[in-house]
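> Residue numbers (my numbering), protein chains in the order written: chain B, 2 to 462; chain V, 2 to 462.
Treat the hints with care, since some could be wrong.
Restricting the straight-line Cα-Cα distance to at most 16 Å, the calculated cross-link-like pairs of lysine to aspartate or glutamate (EDC-like) are [unchecked claim]:
(1) B:K24 <-> B:E56
(2) B:K338 <-> B:D41
(3) B:K68 <-> B:D4
(4) B:K413 <-> V:E109
(5) B:K24 <-> B:E54
(6) B:K344 <-> B:D392
(7) B:K413 <-> V:E105
(8) B:K413 <-> B:E358
(9) B:K413 <-> V:E184
(10) V:K338 <-> V:D392
(11) B:K338 <-> B:E54
(12) V:K413 <-> V:E358
(13) V:K413 <-> B:E109
(14) V:K413 <-> B:E184
(15) V:K344 <-> V:E105
(16) B:K338 <-> B:D265
(17) V:K413 <-> B:E105
(18) V:K399 <-> V:E109
Source of the hints: derived by calculation from the structure; they are not laboratory data.
Protein chains: 2
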Amino acid sequence: MPDTREKTLRLALELGRRVGSHKIVDDPDILASYAKDESDAEPRLPDVALRAECEADVLAALELAEKTDVPVTPRGAGTGKSGGAIAAEGGLVLDCTRLNRVVEVSREDLLAVVEPGVVTGQLQALLAGEGLFYPPDPNSLETCTIGGNVAHNAGGPRAFKYGVTRQYVLGLTLGLVGGARLEVGRRTVKGVAGYDLTALLVGSEGTLGAFTRVTLRLLRNPPVMATLLVRFRDEVTAGTAVSRIVAQGLVPRVLELMDGVVVDTLRRAGAGAIPDGTGALLLIEADGPTEADVDDQVTRLAAECESAGAIDVLMAKHAGERDRLWAARRVLSDAIKERARHKVAEDIAVPRSRAAELLMGLRVVGERHKVVVASYGHAGDGNFHVNVLWDDDGFDPKPCLGDIFRLALALKGTITGEHGVGLAKRAYLPWEQSGEVIALQKRLKVAFDPRGLMNPGKIWL
Amino acid sequence: MPDTREKTLRLALELGRRVGSHKIVDDPDILASYAKDESDAEPRLPDVALRAECEADVLAALELAEKTDVPVTPRGAGTGKSGGAIAAEGGLVLDCTRLNRVVEVSREDLLAVVEPGVVTGQLQALLAGEGLFYPPDPNSLETCTIGGNVAHNAGGPRAFKYGVTRQYVLGLTLGLVGGARLEVGRRTVKGVAGYDLTALLVGSEGTLGAFTRVTLRLLRNPPVMATLLVRFRDEVTAGTAVSRIVAQGLVPRVLELMDGVVVDTLRRAGAGAIPDGTGALLLIEADGPTEADVDDQVTRLAAECESAGAIDVLMAKHAGERDRLWAARRVLSDAIKERARHKVAEDIAVPRSRAAELLMGLRVVGERHKVVVASYGHAGDGNFHVNVLWDDDGFDPKPCLGDIFRLALALKGTITGEHGVGLAKRAYLPWEQSGEVIALQKRLKVAFDPRGLMNPGKIWL
Chain B
2 MPDTREKTLR LALELGRRVG SHKIVDDPDI LASYAKDESD AEPRLPDVAL
52 RAECEADVLA ALELAEKTDV PVTPRGAGTG KSGGAIAAEG GLVLDCTRLN
102 RVVEVSREDL LAVVEPGVVT GQLQALLAGE GLFYPPDPNS LETCTIGGNV
152 AHNAGGPRAF KYGVTRQYVL GLTLGLVGGA RLEVGRRTVK GVAGYDLTAL
202 LVGSEGTLGA FTRVTLRLLR NPPVMATLLV RFRDEVTAGT AVSRIVAQGL
252 VPRVLELMDG VVVDTLRRAG AGAIPDGTGA LLLIEADGPT EADVDDQVTR
302 LAAECESAGA IDVLMAKHAG ERDRLWAARR VLSDAIKERA RHKVAEDIAV
352 PRSRAAELLM GLRVVGERHK VVVASYGHAG DGNFHVNVLW DDDGFDPKPC
402 LGDIFRLALA LKGTITGEHG VGLAKRAYLP WEQSGEVIAL QKRLKVAFDP
452 RGLMNPGKIW L
Chain V
2 MPDTREKTLR LALELGRRVG SHKIVDDPDI LASYAKDESD AEPRLPDVAL
52 RAECEADVLA ALELAEKTDV PVTPRGAGTG KSGGAIAAEG GLVLDCTRLN
102 RVVEVSREDL LAVVEPGVVT GQLQALLAGE GLFYPPDPNS LETCTIGGNV
152 AHNAGGPRAF KYGVTRQYVL GLTLGLVGGA RLEVGRRTVK GVAGYDLTAL
202 LVGSEGTLGA FTRVTLRLLR NPPVMATLLV RFRDEVTAGT AVSRIVAQGL
252 VPRVLELMDG VVVDTLRRAG AGAIPDGTGA LLLIEADGPT EADVDDQVTR
302 LAAECESAGA IDVLMAKHAG ERDRLWAARR VLSDAIKERA RHKVAEDIAV
352 PRSRAAELLM GLRVVGERHK VVVASYGHAG DGNFHVNVLW DDDGFDPKPC
402 LGDIFRLALA LKGTITGEHG VGLAKRAYLP WEQSGEVIAL QKRLKVAFDP
452 RGLMNPGKIW L
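Chain B on its own, in the form it takes in the complex:
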């Protein structure tokens, strides 16, 4: 019985004949760039990669994968945080980054049709020029791709007002293992013909099929925006402000909380002068159709923060200030990493009202395991990025991570609010979901991929 490496090389030969051998990558130095993503999951060199340039390339690879019994792992920019793009069982990596055409932008129908390799931030910039808006804003938006965003149902700060990727995917074209090409979903904003296959595929982590086109719902770009930076003496008062804002029905575009460690990190990362005595920050953005509307929102948001005990409320007066703040926010993950020799980051979410309990509980977990815990994130959605930092090379973080997941679940939350399960959280999925629910998902996978060749090894053990 030939091993996966040998089978994949045979597939590569035939695939090269079909789609052009220049698209086949077998150079180990280049393959190394496909071996990991931005998670801590163990790297693995794929046997071969295909740099797909058109839909026919993808379908040919999927057809041959079935014939030759080779695993296929679709990959965008490799910015995932759960190991989803790592070829865990070897085989073929399907590099979709050159499938990067914007096929259509319709101002009238408020939709775009794009290939999966289009970079999210580049699409947003293009759309902004047309007065259009695609809201999802994962932290990696300058490099990550729409295909990866769809595969992981990406969120981001703006999800508080605008929701996550699922709310913006109207339809998908995809290939299944074996080479079948499916069109699911639609170009209309409403539609209930048959099961919602589109909704099932969003967030399926590349385990069901490989996308070749995505139809995205768009909004009009809200023309007016304001940014507030609100200082608090600690997380509890900041958390209270978040609860008050939510309870009042205020829906700012962004409602981000940063704890004391993060504030300090943000300051060092060059976010401008943040006075001493700041134990937590809220970064709030409001948007709307008119200056009057946004001014009114800002007044009400500031009032809730002040009632909750804010030290002060600063407004970013011009775009430069706003950009500097966001630039610092975007490098937070890396900046936090520099505070210690080791870092692991998790992305738990809890019901909105439990955010303060979560932050207090995380402090207890940190003390128990003698690590620094730095948290920031989408407080309005109860979704936090929890960074565990330590210097001792001999420290095993697993018991600490286990306590963090247990805490999130005890508060009726989830082990992953944004990043997905991938390889990184496979062992923890049964803590959240029953054996029957997991078994059902495996049966659904079989309905798409009976041979189990599509991104195997992900989501469950």
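Guided by the hints, dock chain V onto chain B, whose structure is given.
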């Protein structure tokens, strides 16, 4: 081999022993009330019905259904428009209307947990008392149930601003044939652990499992509202106003268009004085946090209507006027029926920009088949209720309906924007979806229901 009726009677005996025989219905006069819904699909008397009062009743029925090989059809208030609640192959009807407890309302987490038999409008009234808002508003909201809304992914006028049922279902508890109890989804607004089974179940028309609890995301009730009634000389100018409103990024709560025949019907139904020369109406509602915000929206909406050529813009000055308008709107479906001896209504949707083409195309279809076509609906979403009216008892509407579906699909739309496929549109699903897409859905059904006992005969032939 015993037939379904005999098998169902045996099931009923055992089920009565388990859950209480007073919950078993076999009186043909009562069963007759389960034989149809609000569609034109052929009625069928079920063999037996269970009036479930708790989750255990549902699970017992599902367990015995598998043991005895009896089809199960879940049913709410029977207000569906596609035959989904009709026991097409006989067997057991699972009446969920007594599963009607509101288990929890959380103002802090902005969610409610309810049983599937809760009446949508009653839940909304209860929530309004708490300052909370569950947006979906199918026409039948005074009688339809949340379970049926979830099964069909119900929409309604407010979907233009607030989206459809899917956007509000965070989690589900359900039973599968065989009696397994599953909890899927979550209480958090974000979460990406595993496949989105919740999203797949919403809109699955009762063919995958029977819901026992639904966790709904809520909003704060927008405190200020205004209603506009805008008169136009014809549908084309009204359609232009809709396009202008959408293009400007204005998002009123409701943006409903009524054509000339419907305007006349609305007038007769007692909607108040509508002056002569009115060839089309837009019913627009705006909501928001403050009077100033809503006033601003109203000014901008009225300006777009006037630019498009509106005859005049009337404001409903007080709640009484508003209620009278909506009461008339809600009985439109019945009022239209009285205009002719026969009526069939369809619920197609097209991309927003194609609405005017659709309305013109429908006129051509009406002339070709010598029928009256009266259309109204959710113009902002491109989703119209198209009523075909005729008096000749010998007229076969099928060719006309076929032309209507062909028109919707030619405009890149869908055969059903709100009602679902059920029995009514099974024959037309292959016009919209490929054989491979339908085959995949059948495989997904098998993953939930390998024996094919859950609401059989629906969605596809």
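> Work down the list of hints and note, for each, if the structure agrees.
Evaluation of the provided hints:
no.: 1; hint: B:K24 <-> B:E56; verdict: holds (13 Å)
no.: 2; hint: B:K338 <-> B:D41; verdict: holds (13 Å)
no.: 3; hint: B:K68 <-> B:D4; verdict: holds (15 Å)
no.: 4; hint: B:K413 <-> V:E109; verdict: holds (14 Å)
no.: 5; hint: B:K24 <-> B:E54; verdict: holds (8 Å)
no.: 6; hint: B:K344 <-> B:D392; verdict: holds (9 Å)
no.: 7; hint: B:K413 <-> V:E105; verdict: holds (14 Å)
no.: 8; hint: B:K413 <-> B:E358; verdict: holds (12 Å)
no.: 9; hint: B:K413 <-> V:E184; verdict: holds (13 Å)
no.: 10; hint: V:K338 <-> V:D392; verdict: holds (11 Å)
no.: 11; hint: B:K338 <-> B:E54; verdict: violated (36 Å)
no.: 12; hint: V:K413 <-> V:E358; verdict: holds (12 Å)
no.: 13; hint: V:K413 <-> B:E109; verdict: holds (14 Å)
no.: 14; hint: V:K413 <-> B:E184; verdict: holds (13 Å)
no.: 15; hint: V:K344 <-> V:E105; verdict: violated (42 Å)
no.: 16; hint: B:K338 <-> B:D265; verdict: holds (13 Å)
no.: 17; hint: V:K413 <-> B:E105; verdict: holds (14 Å)
no.: 18; hint: V:K399 <-> V:E109; verdict: violated (51 Å)
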